[in-house]
Amino acid sequence: MAKKEKNAEEVTFTPKGTGIRTNGEIVRSTELPDPTEKKHSDLDLSDDDVVDMFEQMYLQRRFEERAMQMYQKGKFGGFLHLYMGQEAISTGTTYALNDDDDIITAYRDHGWGLVRGVSPKEGMAELYGKETGCSKGKGGSMHFANVDEHFWGGYGIVGGHIPLGGGIAFANKYKQNNRVTACFLGDGAVPQGALHETLNMSQNWGLPCIYAVENNGYAMGTAVHRHSVGEIVDRADGFNMKKMVINGMDVLTVYEKMKEIADDVRENSEPWFVEIRTYRYRGHSMSDPMKYRTKEELEEYEKLDPVARIKNYLLDEDIIDEDKVEEIEDSVEDTVMEAIDFAEESDFPEKEALYDHMFAEDDYPFHT
Amino acid sequence: MAELQFREAIRAAIDEEMSQDEDIFVMGEEVAEYDGAYKVTEGLLDKYGSKRMIDTPISELGFAGIGVGAAMNGLRPIVEFMTFNFAVLAADQIINHASKARYMTGGQVEIPIVFRGPNASAGQLSATHSVSYDAMYAHFPGLKVIYTSEPADAKGLLKSAIRDDNPVLFMESEQMYGLKGEVPEEDDFTIPIGKAKVKREGSDVTVVAHGKMYHVATQAAEKLAKEDVDVEIVDPRTVKPLDIETIVKSIRKTNRCVVVDEAHPFGGLAAEVGYLIQREAFDYLDAPVQRVTLPDTNAPFAKNLFDEWLPSPEQVIDAVNTVTYRK
Ligand SMILES: Cc1ncc(C[n+]2csc(CCOP(=O)(O)OP(=O)(O)O)c2C)c(N)n1
Ligand SMILES: [Mg+2]
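Protein chains in written order, with our numbering: chain U, 1 to 368; chain G, 1 to 327.
Derived from the structure by calculation, the hints contain no laboratory data.
From the three backbone atoms N, C-alpha and C, an ideal C-beta is built for every residue, glycine too.
Treat each hint with caution, since some may be false.
Claimed, not checked - Just some of the chain G residues that point at chain U, by a computed CB distance under 7 Å:
id	residue
1	GLU30
2	ASP55
3	MET136
4	GLY267
5	THR297
6	PRO300
7	PHE301
Claimed, not checked - Listed next, with one range per pair, are the computed distances between beta-carbon atoms:
id	chain 1	residue 1	chain 2	residue 2	range
8	U	VAL147	G	GLU186	34 to 44 Å
9	G	ASP46	U	GLU65	45 to 55 Å
10	U	PHE359	G	SER312	21 to 31 Å
11	G	SER312	U	GLU65	31 to 41 Å
12	U	VAL229	G	ASN73	17 to 27 Å
13	U	GLU350	G	LYS39	49 to 59 Å
14	G	LYS180	U	LYS16	53 to 63 Å
15	G	ASN96	U	PHE13	17 to 27 Å
16	G	ASP165	U	GLU344	25 to 35 Å
17	U	PHE359	G	LYS39	36 to 46 Å
18	G	ASP46	U	ASP234	49 to 59 Å
19	G	GLN175	U	ASP234	34 to 44 Å
20	G	ASP46	U	GLU344	57 to 67 Å
21	G	VAL109	U	PRO289	20 to 30 Å
Unchecked claim - With a straight-line Cα cutoff of 27 Å, these simulated DSSO-like cross-link-like pairs (lysine-lysine) come out:
id	chain 1	residue 1	chain 2	residue 2
22	U	LYS73	G	LYS39
23	G	LYS199	U	LYS73
24	G	LYS226	G	LYS197
25	U	LYS351	U	LYS38
26	U	LYS295	U	LYS39
27	U	LYS291	G	LYS249
28	U	LYS295	G	LYS303
29	G	LYS249	U	LYS351
30	G	LYS195	G	LYS249
31	U	LYS291	G	LYS51
32	G	LYS195	U	LYS351
33	G	LYS39	U	LYS16
34	U	LYS242	U	LYS38
35	U	LYS16	G	LYS51
36	U	LYS311	U	LYS324
37	G	LYS180	G	LYS197
38	U	LYS16	G	LYS197
39	U	LYS291	G	LYS39
40	U	LYS75	G	LYS303
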């Protein structure tokens, strides 16, 4: 059979186009679902709860803004992946879960740490690589952790921690302790095999775990539609798994939906696959020229700033007034500045610490 | 000759080979529209189009294997890993498939593929982003492994790797991409795989060092020269097949050897070279071979610990002092 010669020009592989919104057209997997219409009181949240949510979110924001400045001044090195724009997710989720429910995430982890008991001091000291850091200066920005409070840490191999989340859930089911695990991953981790293997086992074994994608539109410089086909959330269908898409720019929405889901997981010991749509305000790390997106797109999402949104909610609902907001902001600012002083004044780890935390025993015969 | 950055030398090798052979294509994370995470492939999308410059999702196992399959079926892929630390996810395709398919099909398939990207550490990136993988892959029969230290070697050896009909792992370093060097410009400039090079002549001690560690060895040699210690540096360039003859030849002259390696001590290149030296040059040695490697620990984040962890010129000097019984 004679075949038609294909013109070389016609053959192409990866979809083209950098921005997720080209010519104002909204591409799949990025459209934000509507936020909840419920007020905090409908969600059983007190006034104090919402004020605290704002404070938590503002702390994450200021912590990172200041960390960024310190990084630019050369105070510490390594990677610095900023969570700015996504704070509603960490905060809403943490509120929705019980204190002994488990959280694990990827390397964009500062917000998660701060909202799950890593103090600003310990967090900043970790960025500086000081022995007073939450991970003793061993991990840096990518590896915040507070295992005592069930925050299992941030992990730097894309997709690598997803099975760990499944394993934490496995242990919880095994011990019948009624804890729920929330395993967060980036949209960029969706194409990793580890996710699909884990989802299959989780559904088959009834693991009490929420696999939640923080879809911020990009994996490094690759827009989500260029790395993943279809709607991300539909991955759940192949596993017969419960699923939901959530607006991640509104903390009350994240809280409402994640609470529903966590309740269901706890009751039925069945996993969920959740896609939380959000936006990353800063570059991937600190050396990203951001040519893959337009200024207009960024500005459009800045109008949806989750921190400003909850602040406005507090004011609009007359929960607190401008003066009180200012007072909170000032006190957060003080906290962050104290954290910087603390980090700067803290010591680097002792030389011997190089060999600490390698093995359970402290007399392991290291190879030379 | 042209003065090129390391990244430009690699790009030139890829570009020259792609322009001569339609079956060569590049695949990896951020290689096309982003121009490469470290700008190695900058401009190649414009030149070769999206058929031959292919952005992949973060699916190392999948795209490495797609590369192997495409190579079996007549193409010549260059698969870029953002770093070899992430190629661990693709190890099944490299170790179980690329290295073995020719053998287990009795020679029916050919796998002309290059896996390339930065190897080892690049500053304070913590434990999962700092491992040196050349010796690990060299352990497996059926793979060639290259880890070069200078732009000219990189260009010449990468061109050979692309032309080679076997799977070749070609390793680089984030920290060397900006390094400049004189690079031959002729289209047919290649360096044979498996040939070491004596890069500094000396008579007192042989220092074997490749990749980033070559530069650590050079710094040490310069300091030692001020103390009238005359260091010869041999850069293996290719880890496998290893050119032990050139190393042994040097030792016959100097009678002393220090191996510097950016890997952990157990079972690394330093271990292998040390064994081969005692087998091939035992009678020529005036001192036991010493090695400078990473310690047997993961990479720490903290600056002071990281500096302690990474082999330094001072450690090389100490080792040279030991084999020369100076101190
Ligand atoms: C296995 C692996 N491959 C590649 C990388 C390099 N890398 C780090 S982050 C990243 C993008 C991940 O994007 P996403 O999952 O969407 O998370 P986000 O940065 O948006 O939070 C890449 C490619 C890595 N760390 N691990
Ligand atoms: Mg993302």
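Structure-based check of each hint:
1. Contact between GLU30 of chain G and chain U, as hinted, is supported at the beta carbon level, the nearest pair being about 5 Å apart and thus within 7 Å.
2. Contact between ASP55 of chain G and chain U, as hinted, is supported at the beta carbon level, the nearest pair being about 4 Å apart and thus within 7 Å.
3. Given hint, MET136 of chain G at the interface with chain U, is violated; its Cβ is 15 Å from that chain's nearest Cβ, farther than 7 Å.
4. This hint is violated: GLY267 of chain G has a C-beta 9 Å from the nearest C-beta of chain U, more than the 7 Å allowed.
5. At about 5 Å, the closest approach between the beta carbon of THR297 of chain G and any beta carbon in chain U falls short of 7 Å, and the interface hint on this residue holds.
6. For PRO300 of chain G, the interface hint holds, since its Cβ comes within 7 Å of a Cβ in chain U; the closest pair sits about 5 Å apart.
7. Given hint, PHE301 of chain G at the interface with chain U, holds; its Cβ is 4 Å from that chain's nearest Cβ, closer than 7 Å.
8. Look at VAL147 of chain U against GLU186 of chain G: about 58 Å separates their beta carbons, and that is not inside 34 to 44 Å.
9. For the hinted restraint 45 to 55 Å between ASP46 of chain G and GLU65 of chain U, the CB-CB distance of approximately 37 Å leaves it violated.
10. For the pair PHE359 of chain U and SER312 of chain G, the beta carbons lie near 25 Å from each other, so the given range of 21 to 31 Å is met.
11. In this structure the hint that SER312 of chain G and GLU65 of chain U lie 31 to 41 Å apart at CB holds, the actual value being about 36 Å.
12. Judged by the Cβ atoms, the range 17 to 27 Å given for VAL229 of chain U and ASN73 of chain G holds: they are separated by roughly 23 Å.
13. Against the hinted window of 49 to 59 Å, the Cβ-Cβ separation of GLU350 of chain U and LYS39 of chain G comes to about 39 Å, which falls outside the hint.
14. Here the CB-CB span from LYS180 of chain G to LYS16 of chain U is close to 34 Å, at odds with the stated 53 to 63 Å.
15. The supplied range of 17 to 27 Å is met by ASN96 of chain G and PHE13 of chain U, whose beta-carbon atoms lie about 25 Å from each other.
16. Range check, ASP165 of chain G to GLU344 of chain U: Cβ separation about 57 Å, and the 25 to 35 Å hint is violated.
17. Judged by the Cβ atoms, the range 36 to 46 Å given for PHE359 of chain U and LYS39 of chain G holds: they are separated by roughly 40 Å.
18. Between ASP46 of chain G and ASP234 of chain U the beta carbon distance is about 35 Å. The supplied range of 49 to 59 Å is therefore violated.
19. For the hinted restraint 34 to 44 Å between GLN175 of chain G and ASP234 of chain U, the CB-CB distance of approximately 42 Å keeps it satisfied.
20. ASP46 of chain G and GLU344 of chain U have their C-beta atoms about 46 Å apart, which leaves the hinted 57 to 67 Å range violated.
21. At about 42 Å, the beta-carbon gap between VAL109 of chain G and PRO289 of chain U misses the expected band of 20 to 30 Å.
22. As the CA atoms of LYS73 of chain U and LYS39 of chain G are separated by approximately 25 Å, the hinted pair is consistent with the 27 Å bound.
23. Taking the CA atoms of LYS199 of chain G and LYS73 of chain U, the gap is about 39 Å. The hint is violated against a cut of 27 Å.
24. Among the hinted pairs, LYS226 of chain G with LYS197 of chain G is consistent with the structure: their alpha-carbon atoms are about 24 Å apart, no more than 27 Å.
25. With a C-alpha separation of about 54 Å, the suggested pairing of LYS351 of chain U with LYS38 of chain U is violated against the 27 Å cut-off.
26. Restraint check: the Cα-Cα separation between LYS295 of chain U and LYS39 of chain U comes to about 33 Å, which exceeds 27 Å; the hinted pair is violated.
27. Taking the CA atoms of LYS291 of chain U and LYS249 of chain G, the gap is near 52 Å; set against the 27 Å cutoff, the hint is violated.
28. With a CA separation close to 35 Å, the supplied pair LYS295 of chain U and LYS303 of chain G exceeds the 27 Å bound.
29. Restraint check for LYS249 of chain G and LYS351 of chain U: the C-alpha separation of about 39 Å exceeds 27 Å, so the hint is violated.
30. Pair hint LYS195 of chain G plus LYS249 of chain G holds up; C-alpha atoms about 13 Å apart against a cutoff of 27 Å.
31. Distance restraint check for LYS291 of chain U and LYS51 of chain G: the Cα-Cα separation of roughly 22 Å lies within the 27 Å cut-off, and the hinted pair is therefore satisfied.
32. The straight-line distance between the Cα atoms of LYS195 of chain G and LYS351 of chain U is roughly 39 Å, outside the 27 Å bound, and the hint therefore fails.
33. The hinted pair formed by LYS39 of chain G and LYS16 of chain U meets the criterion: a straight-line CA distance of about 19 Å does not exceed 27 Å.
34. Only pairs whose Cα atoms come within 27 Å are accepted, and LYS242 of chain U paired with LYS38 of chain U is accepted, the gap being roughly 23 Å.
35. This hinted pair checks out: LYS16 of chain U and LYS51 of chain G have alpha carbons roughly 11 Å apart, not beyond 27 Å.
36. Among the hinted pairs, LYS311 of chain U with LYS324 of chain U is consistent with the structure: their alpha-carbon atoms are about 11 Å apart, no more than 27 Å.
37. Between LYS180 of chain G and LYS197 of chain G the alpha-carbon distance is near 19 Å, which keeps this suggested pair within the 27 Å criterion.
38. For the given pair, LYS16 of chain U sits about 44 Å from LYS197 of chain G by alpha-carbon distance, which is inconsistent with the 27 Å threshold.
39. About 13 Å separates the Cα atoms of LYS291 of chain U and LYS39 of chain G, which keeps this hinted pair within 27 Å; it holds.
40. As the CA atoms of LYS75 of chain U and LYS303 of chain G are separated by approximately 11 Å, the hinted pair is consistent with the 27 Å bound.
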